[in-house]
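Model the full structure from these sequences, guided by the hints.
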Amino acid sequence: MTTRDVTDTDVLLEASGVSLAFGSVQALRDVSLTLRSGEITALVGDNGAGKSTLVRCICGIHRPDEGSFVFDGRPVAFASPQEARDAGIETVHQNLALVEDLTVWQNLFLNREIARGFGPLALLDRRAMKARAAEMVAELAVNVPAVTARVRRLSGGQRQAVAICRAAGFSSTLVIMDEPTAALGVQETGRVEALISRLRADGHAVLLISHNFDQVLRLADQVWVMRAGRCVAGRRVAQTTGAEIVALITGAQAA
Amino acid sequence: MSESVTAPATSTRAAVLGGWLRDGGFWADWAAAVGLVVLVVVFQAANPTFLSSGNVRSMLVASAILVVLSVGQTFVVLTGGIDLSVASAMTFGAVLFGFGISHGWGIGWGGVLAVLGGALVGVVNGMLVGNGRITDFVVTLGSLSAASGLALVIADGKPVTVVSVPLLKLSTGGIGIIGWSVLVAAVIAVLAHLVLFRTRWGTHVFAAGGSPEAATATGISVPAIKIAVYTVCGVLAGLAAILLVARVGAAEPAANTSFLLNSVAAVVLGGVSLVGGRGSVLGPVLGALLLTALANGLTLLGVSPFYQPVAVGTVVVLAALLTRFRR
Chain A
7 MTTRDVTDTD VLLEASGVSL AFGSVQALRD VSLTLRSGEI TALVGDNGAG KSTLVRCICG
67 IHRPDEGSFV FDGRPVAFAS PQEARDAGIE TVHQNLALVE DLTVWQNLFL NREIARGFGP
127 LALLDRRAMK ARAAEMVAEL AVNVPAVTAR VRRLSGGQRQ AVAICRAAGF SSTLVIMDEP
187 TAALGVQETG RVEALISRLR ADGHAVLLIS HNFDQVLRLA DQVWVMRAGR CVAGRRVAQT
247 TGAEIVALIT GAQAA
Chain B
2 MSESVTAPAT STRAAVLGGW LRDGGFWADW AAAVGLVVLV VVFQAANPTF LSSGNVRSML
62 VASAILVVLS VGQTFVVLTG GIDLSVASAM TFGAVLFGFG ISHGWGIGWG GVLAVLGGAL
122 VGVVNGMLVG NGRITDFVVT LGSLSAASGL ALVIADGKPV TVVSVPLLKL STGGIGIIGW
182 SVLVAAVIAV LAHLVLFRTR WGTHVFAAGG SPEAATATGI SVPAIKIAVY TVCGVLAGLA
242 AILLVARVGA AEPAANTSFL LNSVAAVVLG GVSLVGGRGS VLGPVLGALL LTALANGLTL
302 LGVSPFYQPV AVGTVVVLAA LLTRFRR
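Taken in order, these protein sequences are the chains called A and B. All residue numbers for the first sequence refer to this note's numbering, where the first residue is 7 and numbers rise by one. All residue numbers for the second sequence refer to this note's numbering, where the first residue is 2 and numbers rise by one.
Any given hint might turn out to be false.
Stated by the list, open to error - Cβ pair distances, simulated, as ranges: (1) A:ILE120 / B:SER165: 42 to 50 Å; (2) B:GLY105 / A:ALA137: 41 to 49 Å; (3) B:THR315 / A:LEU129: 36 to 44 Å; (4) A:GLU145 / B:PRO167: 28 to 36 Å; (5) B:ALA225 / A:SER161: 28 to 36 Å; (6) A:SER86 / B:HIS104: 41 to 49 Å.
It is worth saying that the hints were derived from the structure and are not from the lab. Note that beta-carbon positions come from the ideal geometry of N, C-alpha and C, so glycine has one too.
Written out as structure tokens, the structure reads:
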């Protein structure tokens, strides 16, 4: 169905024949695609093409009606986001999922807090978490003020950086980002793009949903195009152009 | 691309203090402490017996029950909810306590019954709010009515006089100016602070209140947190019931409406955000002390008790006004 020129052993995630309907609305139709480790894979398509739904299937929010996923060589069927997280798939949602009234380090360690002691008597090891949070932020050269600052006081780009930092930490292998620069200014977009490239350099695979074709051509290694619930084409970024991607999205060019 | 943002370490201490004083958020967070100091100064100037050891002692004892209820209310408000049934749960617990004692269960098992009764109200509240997805306000308004009704049914509308030496000691004995009931309240407040700020679960309470979506996305079960905080509030209402029966010397199926209003007032005065996600334990404790000092001081000055609710209402609305200036 799709031009699959990715046939090597580096495949990290493979979706085969994924379909999902919400009532009478067929959100995904027989979607098959692959993601390679150590690469940035872009997912593009018009609004309502099914990008977010596919991502929500991958990260355990939805379960597909048909089809299967193979992650890291093992067939997987995540029943919850927590299971996907445990398997090493982290998602940076569009709303970032940060708690504004908590500090940067508390958000980085949310539901992964380091505690010492047993069961309900375990007390938080705040010093260790702050130190580790400062390391995580420094490793990714994130432009965040002190890790003890409340998220409420951060700019949009800084918040994005914190969310990406959280996804990249804790030995995740795949980081999914849903339009990470949609709400950012030019300068902050540049910083976040540098951060995404850095994730790849550090060995993470990245699945990037984006509406910005320049960004896709700048950052991604592979791009998959979705239209009306189908994955209609896949291209190596080095061998395609912005015009071709636009044509594939609108349907002006058949795959 | 790294751009280190300088921390406010460069500014002097005085400038920092000045910044706080001009910042409305500071006043909202510390409204209870500032208000308490102002009240103490004013009442002491007007009547020197206000700070006599005897009066301080009786004020602390009088505040113990409200402190316990306010700490419970704090857990619920931190998740963005409100427990209107907290005083009714206490009444329910008090009546069960009296029921247990009059049926020969003794203080110990009677106390366990009171706490279990409070916990039951809390669990039901939590399940309806968390799993039933009904608004906190409506659920606890319903259980306010149901719990006080059940209290009347169990007590058959009549108070049970409880004569017990240990309970008398609990309400009148103590170390110096610190009564036993005050010590109980203080221990509960310290434990609550530890749980909220030093445990994983405490962090999750703040997360569930600050952003339920973010909490859910990181795998925290918001309904489970809701059930837990209402249960904590119910258990504390049960403990408050024991203190109440010890203080009154009887288990009455009375409405105790002022305890409900004052527990919410103490939480607001204590700088806990009513939308959830932000607050402390010390704040509501100071708020409860302030409300008790206010009532005590007005009584000492010979002001008619009819004016007390007016004063409480004014103070609370002023405190709520301050929270508008919070960042």
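Enumerate the violated hints, using their earlier numbering and listing them in ascending order.
Violated: hints 2, 4.
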